[in-house]
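Peer 1: Here are the chains, one letter per residue:
Protein chains: 2
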Amino acid sequence: MAATAGAAPEARASGEQGGEPGMSEQEGRGAPEASGELSQARVSFQTAPDRYRHWRIAFDGAVATLTMDVAEDNGLRDGYELKLNSYDLGVDIELYDAVQRLRFEHPEVRAVVITSAKDKVFSAGANIRMLAASPHAWKVNFCKFTNETRNGIEDATACSGQAYLAALNGTASGGGYELALACEHIMLIDDRSAAVSLPELPLLGVLPGTGGLTRVTDKRHVRRDLADHFSTRPEGVGGAKAVAWRLVDEAVPRSAWSQTVAARAAEFAARSARPAGAAGIELTPLGKTRTDDAVSYGHVSALLDHAGGVAEITVRGPGQEPPASAEWIQDHGAGFWPLAVARELDDLVLDLRTNEPGLGTWIFRTAGDPGRVLAYDRLLLGSRDDWLVNEIILYLKRTLRRLDVTSRSLIALIEPGSCFAGSLLELALAADRSYMLAGVFEDADPDVASWRGAPRRRAEDAVPAVIAVAEMNLGALPMSNDLTRLQTRFFGDPDALAAAEKLAGQLLEAGDAERLGLVTFAPDDIDWAEEVRLAVEERSGFSPDALTGMEANYRFAGPETLETKIFGRLSAWQNWIFTRPSAAGPDGALRRYGTGQRAVFDRKRV
Amino acid sequence: MAATAGAAPEARASGEQGGEPGMSEQEGRGAPEASGELSQARVSFQTAPDRYRHWRIAFDGAVATLTMDVAEDNGLRDGYELKLNSYDLGVDIELYDAVQRLRFEHPEVRAVVITSAKDKVFSAGANIRMLAASPHAWKVNFCKFTNETRNGIEDATACSGQAYLAALNGTASGGGYELALACEHIMLIDDRSAAVSLPELPLLGVLPGTGGLTRVTDKRHVRRDLADHFSTRPEGVGGAKAVAWRLVDEAVPRSAWSQTVAARAAEFAARSARPAGAAGIELTPLGKTRTDDAVSYGHVSALLDHAGGVAEITVRGPGQEPPASAEWIQDHGAGFWPLAVARELDDLVLDLRTNEPGLGTWIFRTAGDPGRVLAYDRLLLGSRDDWLVNEIILYLKRTLRRLDVTSRSLIALIEPGSCFAGSLLELALAADRSYMLAGVFEDADPDVASWRGAPRRRAEDAVPAVIAVAEMNLGALPMSNDLTRLQTRFFGDPDALAAAEKLAGQLLEAGDAERLGLVTFAPDDIDWAEEVRLAVEERSGFSPDALTGMEANYRFAGPETLETKIFGRLSAWQNWIFTRPSAAGPDGALRRYGTGQRAVFDRKRV
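Line order of the protein sequences matches chains A and B. Numbering-wise, our numbering puts 595 at position 595 of the first sequence, and it's gapless, one number per residue. Numbering-wise, our numbering puts 95 at position 95 of the second sequence, and it's gapless, one number per residue.
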């Protein structure tokens with residue numbers, strides 16, 4: 001447990017949330033894969049600025065400053081010190097929280113400066129001892145989450161009018177520089193010692209893990225041979241050369257530092273279309289109940305079947321008709337159904353990914369009135385000019401993207417009483433497969449449980465399930481390949497895409513849904529239980545690694561973008577390297593770093 | 001050694017080439033990485049139809065038929081039997097040879113039918129026992145080569161007017177179906193038992209390794225959820241469903257099989273623009289000398305420094321002015337300099353990749369008259385309407401692409417007497433870095449060796465090196481991302497690209513070349529030796545795995561295509577899975593296949 005605060009990470013987080021009921025403090029399931037050095041207490045992703053240990057936020061009109069000041073002794077796990085603004089998952093959870101709150105709670109903020117409180121150092125990147133001591137799955141998950149946060153920074157810059165500027169008041173190494181790469185503008189202090197660097201390859205035998213290699217060439221447009229040279233120099237590059245090579249946008253003398261940073265932030269702020277005079281809404285604590293076997297929020301819940309390796313997730317549709325206007329949303333804030341669902345789903349995905357690696361299959365159900373979901377969607381799309389509505393749609397987009405890159409098999413079950421329509425249809429489209437019941441469950445005995453424990457057999461179960469494509473599926477929630485999930489599904493089949501899009505707004509029963517290719521299979525009551533059971537049980541019998549690889553390929557048909565390259569090409573190579581003896585073996589570079597011993601490499605190239 | 005033929009694979013190949021001098025038969029260097037079961041005799045990629053053991057070619061006018069008839073007992077290594085038309089590297093080397101010869105030796109062939117001589121089976125794919133017993137590097141290299149051959153089949157279909165048709169007269173599983181996927185048209189016999197399948201995931205815990213997952217969605221446009229289902233069914237899908245799901249183009253009853261295959265081949269042949277009445281040229285045996293420490297051909301040679309882990313490769317420019325017309329090329333055939341260089345380089349890349357994994361850095365030099373290289377390029381581009389000239393350019397394109405995906409650090413040294421111009425400039429542009437000497441070597445003492453043993457200090461060394469961008473660099477030799485190497489180099493920097501392209505045809509000395517960004521560094525005589533030595537030695541000190549990952553990212557800036565997705569996203573995931581215990585561990589699925597024991601998986605998802 002944490003050495004200083006006297007509390008386990010989960011206890012700390014749980015307590016900080018005001019004592020939510022049911023937050024367990026016991027050890028998570030599953031022994032570490034490779035190393036037992038780091039304890040496995042359940043990680044919480046909930047925090048708030050008054051509980052930050054590693055970051056400070058300051059506001060000055062349209063400019064916010066996020067200052068990184070990592071507390072060395074406050075690592076999420078024992079066994080390492082977070083020196084030189086190096087970070088672990090706990091540091092990044094706070095950064096993620098800050099980025100989200102800036103979007104929702106601070107409409108007045110139009111530029112965000114990220115800088116460091118340390119002297120002569122911006123950030124040394126991900127903590128190496130943490131990485132060296134972590135099991136493979138932890139490293140992979142850590143990189144995935146930090147990547148998503150950096151993509152979110154770019155999303156805020158591109159879509160929310162909150163431009164991020166990196167003010168590197170000292171050296172930015174590895175993940176420190178990669179954080180800067182996620183910013184729109186990079187300023188480096190020009191003092192003959194400050195530099196940017198990607199020392200992972202020469203020092204640690206791994207790759208920069210948060211998009212560095214992709215962003216250097218594809219975003220910053222650094223020439224590939226210069227990028228190669230740069231990535232082999234542990235000392236990095238600073239000053240005029242860093243500018244000439246496009247590694248940073250400007251090198252600023254110390255004497256002009258503060259005023260130049262302020263001037264540049266003001267310039268970026270001036271370009272923003274964020275509204276004047278708007279009030280933010282507070283991202284209030286999620287009402288979350290968490291036990292070993294269940295997670296529950298206001299609209300989202302999950303049953304965790306550890307024996308079967310399955311999480312059964314249910315998303316409930318809106319309990320009432322939508323309000324008439326966007327003003328209502330402003331007044332009701334975080335309680336507004338679409339925002340609440342996005343937040344709850346986001347937290348659930350992070351919780352299960354990190355704390356429940358043994359649950360390899362996630363089953364998605366919905367419950368509610370599809371017409372009502374569509375009504376909320378119409379309100380959102382009709383008010384998208386409103387900054388807050390825009391933020392809510394963007395949040396849903398990011399949450400669905402998080403699902404797309406989640407290494408779990410996703411199966412949607414579409415049953416009577418469900419509401420897979422519009423925004424919630426995206427859950428079925430994100431799934432690896434979907435099963436839609438044709439007709440109703442003939443056996444209406446309310447005492448007979450469904451295939452698993454999900455509640456069913458209510459009055460509405462006498463009506464066949466419907467799904468609906470709607471405007472929300474036609475462009476507002478693009479995947480990271482910049483296609484809609486429908487476009488990805490029907491990649492190369494424009495007729496099928498047009499047929500599905502043409503029926504937007506109509507409620508489709510199973511036969512039509514299957515014929516249009518919107519669901520995978522549509523068994524009737526006689527076959528349903530057996531077919532679904534086989535699909536789920538079969539999934540548990542396959543190699544988890546092979547499933548991850550297959551899904552990472554099939555989910556991203558078609559074109560690639562910077563984001564898909566980061567999650568596909570770059571992350572896959574990094575995962576490979578993370579399992580290889582040259583990096584992660586007892587004599588590998590990652591494990592030997594700082595010991596004074598040279599790493600031992602198998603010299604054969606693969 | 002091979003069980004039946006009484007000769008080692010290398011001896012077999014060497015002898016078959018008519019006793020080329022210097023072909024060593026001793027064991028290759030380097031112990032197997034994970035398993036000692038397969039011996040490591042050096043592999044030769046040279047063969048010819050009269051020596052095929054596993055394939056037959058038959059010709060009928062414009063249609064050639066390639067019949068797979070794998071000889072069970074003729075595996076390249078001991079320890080497995082090639083049952084059910086399963087294949088190993090030896091089988092695929094013959095296929096590669098056949099595809100190449102069909103292009104060059106048979107201009108009359110406009111459609112190629114691939115089928116099987118076995119009853120009820122097309123091909124069971126890559127041999128599982130071979131894979132299970134092979135070290136990691138072998139599996140990765142094997143998949144890379146087989147992928148390149150399948151890409152070559154698609155290239156012949158798209159660019160050479162030789163359309164490939166898969167005539168699946170029985171079940172095509174795994175790599176067998178992936179071979180079909182590389183064809184333009186897939187016919188499956190409809191006899192209630194024949195099916196196509198990708199059983200890798202459910203049976204072996206790995207991915208289809210030759211592009212299957214990418215081609216199913218991105219080429220065949222199978223819907224991703226159906227693809228998911230298909231890839232979990234070991235028994236596969238046949239008949240009408242296979243057609244409906246787009247897995248094959250047609251299912252043909254046995255009674256109509258032969259005539260339908262013939263009719264379809266004739267249809268595709270009729271669409272081809274291959275010339276009438278042209279005569280092919282023979283791909284005569286390469287004049288190759290191979291010892292432990294050197295490889296030598298007519299125009300290409302390599303010194304192998306095993307202690308330093310470096311191969312120094314020299315490509316010599318044309319020894320005489322180009323002929324005046326394409327007719328001359330037809331008459332002189334395989335001796336024509338551009339074709340000879342492409343063939344020699346191709347063979348060298350395959351030889352070093354497979355047989356010399358410990359040589360992690362490849363240094364490229366050229367020697368000759370840059371003006372003469374440009375003259376040959378002009379001849380080629382001016383005669384591209386000629387089928388043979390077109391084939392030569394395409395061959396060079398494919399050879400350079402092979403270099404792009406080679407997991408070795410590539411460094412180009414541009415020195416006096418070199419000819420990095422036009423087509424040969426591509427070698428420098430493909431390199432991870434290039435060093436160009438500014439000025440000449442002041443120390444002209446012919447007895448002083450250069451940095452390493454490459455010959456220098458001749459009369460032409462008194463003249464500074466030049467390079468030249470030319471028309472050949474502007475579109476004829478695209479990378480697999482469909483950009484030229486110049487476009488990839490200057491990705492996102494259109495001004496730099498325009499500046500470089502504008503100087504096409506001019507001979508550029510080091511200062512200009514560096515200023516234009518065409519070379520990485522341009523040290524003068526004083527710094528040259530030290531700077532180059534440091535770069536090369538430093539490379540040998542880095543983790544080979546991390547270098548592979550870095551280069552796989554930096555070399556492919558910008559957009560992705562089916563081909564780059566296969567080598568980046570798909571192969572990287574496969575490599576990861578190949579190292580994981582669930583597949584390759586002693587209790588993993590790949591090792592336990594066929595033993596009657598179930599594989600043991602770590603159930604945690606990563």
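Hints in this document: simulated from the structure, not taken from any laboratory. Nothing here was measured: the structure is a model prediction, and the numbers come from that model. Accuracy of the hints is not assured; some may be wrong.
What the hints assert, rightly or not - So the derived label-pair ranges between C-beta atoms look like this:
1) Arg220(A) to Asp525(B): 29 to 35 Å
2) Val600(A) to Lys241(B): 32 to 38 Å
3) Val600(A) to Ala262(B): 40 to 46 Å
4) Ala158(A) to Gly61(B): 43 to 49 Å
5) Ala158(B) to Arg220(A): 43 to 49 Å
6) Val463(A) to Gly594(B): 38 to 44 Å
7) Lys219(A) to Gly541(B): 26 to 32 Å
8) Pro275(A) to Leu507(B): 55 to 61 Å
9) Glu327(B) to Glu250(A): 24 to 30 Å
10) Ala158(A) to Arg233(B): 51 to 57 Å
11) Thr289(B) to Ala158(A): 43 to 49 Å
Every residue gets a Cβ at the ideal spot worked out from N, C-alpha and C, and that includes glycine.
Peer 1: Hints first: check each against the structure and report whether it holds.
Peer 2: Hints, one by one, checked against the model:
no., hint, result
1, Arg220(A) to Asp525(B): 29 to 35 Å, "holds, 33 Å"
2, Val600(A) to Lys241(B): 32 to 38 Å, "violated, 53 Å"
3, Val600(A) to Ala262(B): 40 to 46 Å, "violated, 60 Å"
4, Ala158(A) to Gly61(B): 43 to 49 Å, "violated, 58 Å"
5, Ala158(B) to Arg220(A): 43 to 49 Å, "violated, 34 Å"
6, Val463(A) to Gly594(B): 38 to 44 Å, "violated, 50 Å"
7, Lys219(A) to Gly541(B): 26 to 32 Å, "holds, 29 Å"
8, Pro275(A) to Leu507(B): 55 to 61 Å, "holds, 59 Å"
9, Glu327(B) to Glu250(A): 24 to 30 Å, "violated, 60 Å"
10, Ala158(A) to Arg233(B): 51 to 57 Å, "violated, 41 Å"
11, Thr289(B) to Ala158(A): 43 to 49 Å, "violated, 58 Å"
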